[in-house]
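The listed protein sequences correspond, in order, to chains A and B. The opening residue of the first sequence carries number 15 in my numbering; numbering runs sequentially from there. The opening residue of the second sequence carries number 15 in my numbering; numbering runs sequentially from there.
Among these hints, one or two may not hold up.
As the list claims (entries may be wrong) - Below are the SDA-like pairs computed for lysine to any residue, each with C-alpha atoms no more than 20 Å apart in a straight line:
1) B:292 / A:257
2) B:181 / A:298
3) B:289 / A:274
4) B:291 / A:254
5) B:292 / A:274
6) B:291 / A:255
7) A:291 / B:255
Claimed, not checked - Stretch by stretch, here's where chain A covers chain B in the computed footprint (C-beta under 8 Å, at least three residues):
8) 244-255
9) 276-285
As the list claims (entries may be wrong) - So the derived label-pair ranges between C-beta atoms look like this:
10) B:172 / A:117: 48 to 58 Å
11) A:75 / B:93: 55 to 65 Å
12) A:298 / B:172: 23 to 33 Å
To be clear, the hints were calculated from the coordinates, so they are not data collected in a lab. Model, not experiment: these values are computed from the prediction. Beta carbons: idealized from backbone N, C-alpha and C, even for Gly.
Protein chains: 2
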Amino acid sequence: MPKGKLIIIGGSVDRGSFSESPADLQRTLKFFEKGILKRITIEAVKNKISRFEIITTASSIPEEVGDEYVKAFAHLDVLNVGVLNIKTREEANSPENILRLKNADVVMFTGGDQLRLTSIFGGTAFHNLLLDKYENEDFLISGTSAGAAASSNNMIYQGSSGGALLKGEVKITGGLGFINNVIIDTHFVQRGRIGRLLYACASNPVNLGVGLGEDTGLLITQGNGMEAIGSGLIILVDGTNMRRTNITEVEMGEPVSIENLTVHVMSLGDHFDLKTKKLSIDFYKVAPAPKAE
Amino acid sequence: MPKGKLIIIGGSVDRGSFSESPADLQRTLKFFEKGILKRITIEAVKNKISRFEIITTASSIPEEVGDEYVKAFAHLDVLNVGVLNIKTREEANSPENILRLKNADVVMFTGGDQLRLTSIFGGTAFHNLLLDKYENEDFLISGTSAGAAASSNNMIYQGSSGGALLKGEVKITGGLGFINNVIIDTHFVQRGRIGRLLYACASNPVNLGVGLGEDTGLLITQGNGMEAIGSGLIILVDGTNMRRTNITEVEMGEPVSIENLTVHVMSLGDHFDLKTKKLSIDFYKVAPAPKAE
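Using the sequences provided together with the hints, build the complete structure.
The following block contains the structure:
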């Protein structure tokens, strides 16, 4: 059972892309106080004085993205924040970067392309140390968008929303494996991705499908307990009770039929137990979800 | 038990918007032979020589839409086709239009705005005659997009995809009531509308949620048996086994949590029984789904 915590986020953390104007950033500040970044600082082992490393590897504009996260955390008085723009497997094996990771309490994987994360980190010393720290320390791994998608053992990296239930359209490969038995999709409601998750679950119901909306996430403790955080919704697809599918019978590119998947909708404060597959709805929210103005 | 048949379609019938160029229309001709319009002519009581009335009331460009359907049916050698552009409740009570409906074997409601359909037809002599013919004759009602959405007792007429699971966002009102205990959404996969259907089902699980993809439909016989037709996918949301939701506890505009909805994915040739809520997958499709070239 991992001693670390995992926070996966569906993109647009705290409603901010952080590439918006200073005025926009001011406008979104209220989210920060109750939002996901705030929660990350609360869950971090030394709270605000924890050592954070922002890993911008997934992004095609890593400098800009890194700067924005540094600024965003600074708004929450979190100042011990570094940016690790690891661009190659060589850099993911370099002693300097390994030392930085050793000293970190929290890592935050930014958005971008999850295939960059897996192809650059997979099997490197950096990856192994991440797994080790997550297993044995009160270490927090967080990831948004691509950073969230890559955190499970099986990772969706491509597939159109419209064609997702045509056999072979959804492309899956190995992820970074911080959590097992889930498959994660992001920007979920916003990009109409239900088909990708239904397909992924039908192809192997051992994986719980997790569809994270934007500015919405899950805090996962002990590799099992999931708590909804942020302002939006999470859709879970549980294939445990799936009856039949013709996924093996139909040709590539043909529509796939599926009988009996279970769907749950979670929001702030709800809990889900990955082992028992039970949802506990928080009926009278202690802290109301932040609202758009 | 109705003697008539109902065909509901998720939009873009036979992949054609019919407003495309003649070259495009030629390209899509192959779909016609195995597609939904063809199936409509097969199900019509007198097949190709049945009397068809295209009802363009939902559309803001009724003349153009009507012309395109006349042309499309002409490609299938269906020539006894009229266009009924009823624009007011007065016209929906006029003896001339009632007579036209009396003589019709098939009506086809085009796309547009489903609120136009219900606000213009609801409770008129035309509406009553439709219900009567559907109940007592081998009469075929078909509708695409708005025309499909309006065919059930409860009708979704508005609601953003992204915000669909915020309480009150999905707007529902009475439909034309050709079928009971379902609630229909269209352009389903293409527009990422799963949230609308989950919300509608959670608010009253008596209704089976039916999400129709484009160029995809259901043939419904005896008000109960549903057969998937067309080239795409249908998503069904069954709330019969829903456990808990906080829909009554949360404020308007807040995210809604839902436990345990059942989802099925249907495609060409699959059957669903509305009463027993059982899906029968057609494992070895007799007629393969039409493919894009």
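Here is how each hint holds up against the structure:
no.	hint	verdict
1	B:292 / A:257	holds (11 Å)
2	B:181 / A:298	holds (15 Å)
3	B:289 / A:274	holds (16 Å)
4	B:291 / A:254	holds (19 Å)
5	B:292 / A:274	holds (9 Å)
6	B:291 / A:255	holds (15 Å)
7	A:291 / B:255	holds (15 Å)
8	244-255	holds (count 5)
9	276-285	holds (count 8)
10	B:172 / A:117: 48 to 58 Å	holds (53 Å)
11	A:75 / B:93: 55 to 65 Å	holds (59 Å)
12	A:298 / B:172: 23 to 33 Å	holds (29 Å)
The structure fails none of the hints (numbered hints given earlier).
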